[in-house]
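Sequences are here, hints too, so could you generate the full structure?
Here is what each chain is made of, one letter per residue.
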Amino acid sequence: MPRLSRWYIRASLLFLGLGFTLGALILFHKGAALHPALWQLLPAHIEFLLLGWTLQLAMGVAFWILPRFLEGPARGNEAAAWLAFGLLNGGVLLVGVSWTLGLPALIPWLGRVAEAGAAMAFAVHAWPRIRPFGMSSTHG
Amino acid sequence: MPPLTRWYLKSALGYFVAALLAGIALTAPAVFRLPPAMAILGPVYFHLFMVGWVAQLIFGIAYWLFPRYSKEQPRGSEPLAAATYVLLNAGLLLRTVGEPLHTLWPTAGWGWLVALSAVLQWVAGMGFVLNTWGRIKER
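Going down the list, the protein sequences come from chains A and B.
My numbering runs 348 ahead of the 1-based position in the first sequence.
My numbering runs 305 ahead of the 1-based position in the second sequence.
Hints in this document: simulated from the structure, not taken from any laboratory.
Hints may be right or wrong, so weigh each one.
[To be verified] Cβ pair distances, simulated, as ranges:
no.	chain 1	residue 1	chain 2	residue 2	range
1	B	Pro307	A	Ile413	13 to 21 Å
2	A	Ala464	B	Leu325	24 to 32 Å
3	A	Ile478	B	Trp369	36 to 44 Å
4	A	Gly434	B	Trp438	18 to 26 Å
Beta carbons are placed, not taken as given, at the ideal position from N, Cα and C, and that holds for glycine.
Below is the structure:
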C-alpha cells in the first residue's frame, strides 16, 4: 500500500471514529436525553462519515489499486492526488466544524470549494489510470 | 474469503434489501391510504443503508484484503473483529426496532433501546478502527 493511500485511509479511519462518536452522542440523546445542543452535531456527523470516511477511503483505495504505468512515475501525477488529500480534509473539517459552531456562512462555503477542488484534483490524477493493466502512460 | 468477511457481506446484502424495502414503505403513504406515521422510518432507512450496507461491506472487504498485521495474526485480533461484527449488527438491529417504537411512544421506555444501540454501534466503530489501524502499512 503506497504512502499516500496510508494517509488517506488513516485519515478516513479518524473520521470514522469521530463521525461514529458524534452519531452515538446524538442517538443516545434521542433515546435518553443528555443535552439538546447535541443536535447541532448532526451536520458534522453526516459530513465526517459521508466525505471524511466513505469517500476518502474510496479515494485512498483507488490510489492504491488503479492500474499503474510501466514508464515514468508508476502512479502518474501523484502531486494532484496529494493536493486532493489536503483539500478534502481541509474542506471536510471546515464544513463540519463551522456548521457545528454556527460560524459565518462563508466558512462552510469555502469548505465546499475545497471539497470540489479535491474532486477535480483527484479526477486529474485518476483519469489517465483508468485503462487496461500494463499499458504505458503514452497510450491513449 | 475468510468466514467473518462472508458474514459481513451476507449481512450487508440483507441490510441492502431491508433498506430499500424501508424506502418503499417510506414513500408508500403518498400513493396508498397508509398512516403518515410511516415517515418515522426515515432515519432507520438511511442507517440501514449507510451502516448496514455500505459500512458493513467496507468492514468485511477491509478485513479480507488489507495488508497483513503480522505473520501470526494476519488479520489483527480475530476476537476483536468478531466482536465488532456482533456489536455493529446488534446495535443496528436494536435501533431498527427501538427508534420507531420510541418515536411513536416516547414515554413507554423504548428510549433505552435506542441509547443502548448507540453505545453498541460506537464500540463496534472503535473496534474496527483499532483492529484496522495496524494493517495500514506498506505490505
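Tested hints:
For proline 307/B paired with isoleucine 413/A, a C-beta distance near 19 Å keeps the hint of 13 to 21 Å intact. Roughly 30 Å separates the CB atoms of alanine 464/A and leucine 325/B, a value that falls within the hinted 24 to 32 Å. Distance hint for isoleucine 478/A and tryptophan 369/B: a CB-CB separation of about 24 Å, inconsistent with the stated range 36 to 44 Å. One distance hint, 18 to 26 Å for the beta-carbon pair glycine 434/A and tryptophan 438/B, holds here, with the actual separation near 21 Å.
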